Amino acid sequence: MAAQKINEAHEHIAKAEKCLKTSLTKWKPDYDSAASEYAKAAVCFKNAKQYEQAKDAYLKEAEYHTENKTLFHAAKAIEQAGMMMKEQKKMPEAIQYIEKACMMYMENGTPDTAAMALDRAGKLIEPINLEKAVDLYQKAAGVFENEDRLRQAVELLGKASRLLVRLKRLDEAAVALQKEKNMYKEIENFPMCFKKTTAQVLIHLHRGDYVAADKCVRESYSLPGYSGSEDCVAMETLLQGYDEQDEDQVYRVCNSPLLKYMDNDYAKLAISLRVPGGGSKKKKAAAAPQGGASGAPAAAEEEDDYEGGLC
Numbered sequence: 067m068a069a070q071k072i073n074e075a076h077e078h079i080a081k082a083e084k085c086l087k088t089s090l091t092k093w094k095p096d097y098d099s100a101a102s103e104y105a106k107a108a109v110c111f112k113n114a115k116q117y118e119q120a121k122d123a124y125l126k127e128a129e130y131h132t133e134n135k136t137l138f139h140a141a142k143a144i145e146q147a148g149m150m151m152k153e154q155k156k157m158p159e160a161i162q163y164i165e166k167a168c169m170m171y172m173e174n175g176t177p178d179t180a181a182m183a184l185d186r187a188g189k190l191i192e193p194i195n196l197e198k199a200v201d202l203y204q205k206a207a208g209v210f211e212n213e214d215r216l217r218q219a220v221e222l223l224g225k226a227s228r229l230l231v232r233l234k235r236l237d238e239a240a241v242a243l244q245k246e247k248n249m250y251k252e253i254e255n256f257p258m259c260f261k262k263t264t265a266q267v268l269i270h271l272h273r274g275d276y277v278a279a280d281k282c283v284r285e286s287y288s289l290p291g292y293s294g295s296e297d298c299v300a301m302e303t304l305l306q307g308y309d310e311q312d313e314d315q316v317y318r319v320c321n322s323p324l325l326k327y328m329d330n331d332y333a334k335l336a337i338s339l340r341v342p343g344g345g346s347k348k349k350k351a352a353a354a355p356q357g358g359a360s361g362a363p364a365a366a367e368e369e370d371d372y373e374g375g376l377c
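All you need for my numbering is the position in the sequence shown, starting with 1, plus 66.
Think of the hints as simulated: they come from the structure by calculation, not from any bench. Treat the hints with care, since some could be wrong.
Dumping the calculated EDC-like pairs for lysine to aspartate or glutamate here, alpha-carbon to alpha-carbon at most 16 Å [unchecked claim]:
(1) Lys261 <-> Glu153
(2) Lys261 <-> Glu285
(3) Lys234 <-> Asp331
(4) Lys87 <-> Asp98
(5) Lys155 <-> Glu118
(6) Lys261 <-> Glu221
(7) Lys261 <-> Asp331
(8) Lys81 <-> Asp98
(9) Lys261 <-> Glu296
(10) Lys189 <-> Asp201
(11) Lys281 <-> Asp309
(12) Lys156 <-> Glu192
(13) Lys106 <-> Glu77
(14) Lys135 <-> Glu173
(15) Lys198 <-> Glu238
(16) Lys245 <-> Glu221
(17) Lys251 <-> Glu221
(18) Lys166 <-> Glu221
(19) Lys234 <-> Glu197
(20) Lys115 <-> Asp98
(21) Lys152 <-> Glu192
(22) Lys152 <-> Asp122
(23) Lys166 <-> Glu129
(24) Lys205 <-> Glu165
(25) Lys152 <-> Asp96
(26) Lys106 <-> Glu129
(27) Lys205 <-> Glu221
(28) Lys106 <-> Glu83
(29) Lys261 <-> Glu310
(30) Lys156 <-> Glu118
(31) Lys156 <-> Asp122
(32) Lys326 <-> Glu296
(33) Lys205 <-> Asp178
(34) Lys189 <-> Glu238
(35) Lys189 <-> Glu165
(36) Lys205 <-> Glu192
(37) Lys198 <-> Glu165
(38) Lys251 <-> Glu285
In this text the structure is predicted, and so the values were computed from the model without any measurement.
I would like the entire structure built from these sequences, with the hints used as guidance.
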């Protein structure tokens with residue numbers, strides 16, 4: 067079966083070369099037919115699992131589509147060449163081809179196709195290179211934003227923000243989240259603005275910036291329905307607990323269903339949040355009842371307030 071497909075591919079290549087020949091009666095090469103034959107050859111090679119040869123055939127197809135000034139089809143062929151590299155587990159090369167195809171889509175005036183290809187490339191590279199995936203998702207979001215397709219843009223920005231959190235690039239994640247929140251506000255998806263505020267607070271507290279976290283909540287009071295909402299009350303309680311170094315309060319909020327069932331990267335931020343000073347208060351409060359005496363819990367708390375002495 068594979069041998070038969072390979073033979074078929076070579077037959078298509080022979081036909082393509084014939085299409086390119088000129089003579090006294092045929093002055094111009096037939097680029098369109100040559101591209102078509104190379105496309106057929108590429109499919110045959112792909113079916114025979116000869117991915118390197120399939121890639122070469124797709125690149126030849128792209129070359130002749132370019133000669134014929136059909137950029138969209140050339141870009142499609144280059145994207146397919148990238149997929150052949152993916153089949154060979156050569157992911158950086160695969161992404162290079164897809165990015166090249168995206169440039170051609172843009173040049174052709176089909177930015178939506180470019181953005182969708184960048185999104186696909188991001189998904190491909192994400193398991194092995196988070197930094198590159200962030201770059202691709204942000205580029206795709208930028209293309210959609212330029213086209214005023216904010217719903218698609220904000221979805222891709224969300225992917226980038228989550229990966230920035232995973233990479234512990236929290237300063238960048240904070241900026242990306244603010245942009246997401248602004249977009250959700252623009253398309254009047256206020257419940258998502260609430261969720262983004264919660265994510266912002268968690269990020270700022272992990273950065274040790276209580277003022278920025280508090281500012282995010284205060285700014286969100288202007289969002290319709292935020293003040294008094296479940297999200298708002300949770301963040302006010304969290305900030306109060308954090309400010310007062312009450313680890314019990316922080317622990318309760320961070321382990322509530324509202325935060326535990328956020329996107330995984332933000333949920334991890336919640337359950338790993340600690341109050342300044344290491345949160346010894348919570349541990350002592352939990353251990354105190356085992357002391358036996360009725361006055362023990364109060365004594366433990368009193369001791370904790372001055373832990374380490376006054377010096």
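So if I understand the rule, the pair passes when the alpha-carbon distance is 16 Å or less; does Lys198 with Glu165 pass?
holds (12 Å)
Pair hint outcome, Lys234 versus Glu197 [Cα-Cα no greater than 16 Å]
Holds, at about 11 Å.
Hint consistency between Lys205 and Asp178 [alpha-carbon to alpha-carbon, up to 16 Å]
It holds: about 12 Å lies between the C-alpha atoms, which stays within 16 Å.
Holds or violated: are the alpha carbons of Lys152 and Asp122 at most 16 Å from each other?
holds (14 Å)
Given the proposed pairing of Lys261 with Glu296, does the C-alpha separation stay at or below 16 Å?
holds (10 Å)
Does the structure keep Lys261 and Glu285 at a Cα separation of 16 Å or less?
It holds: about 14 Å lies between the C-alpha atoms, which stays within 16 Å.
Do the alpha carbons of Lys198 and Glu238 lie within 16 Å of each other, as the hint requires?
Answer holds: Lys198 to Glu238 is near 15 Å, not above 16 Å.
Hinted pair, alpha-carbon criterion (16 Å max): Lys155, Glu118. Please report holds or violated.
Distance ~11 Å between Lys155 and Glu118 Cα, so the pair holds.
Restraint check for Lys261 with Asp331, where alpha carbons must lie at most 16 Å apart
Distance of about 13 Å is within 16 Å: holds.
Is the straight-line distance between the alpha-carbon of Lys87 and that of Asp98 16 Å or less?
The hint holds at about 13 Å.
Does Lys189 pair with Asp201 here, judged by a C-alpha cut-off of 16 Å?
holds (12 Å)
Do the alpha carbons of Lys156 and Glu192 lie within 16 Å of each other, as the hint requires?
holds (14 Å)
In this structure, the hints that do not hold are numbers 1, 18, 20, 25, 29 and 34, in rising order.
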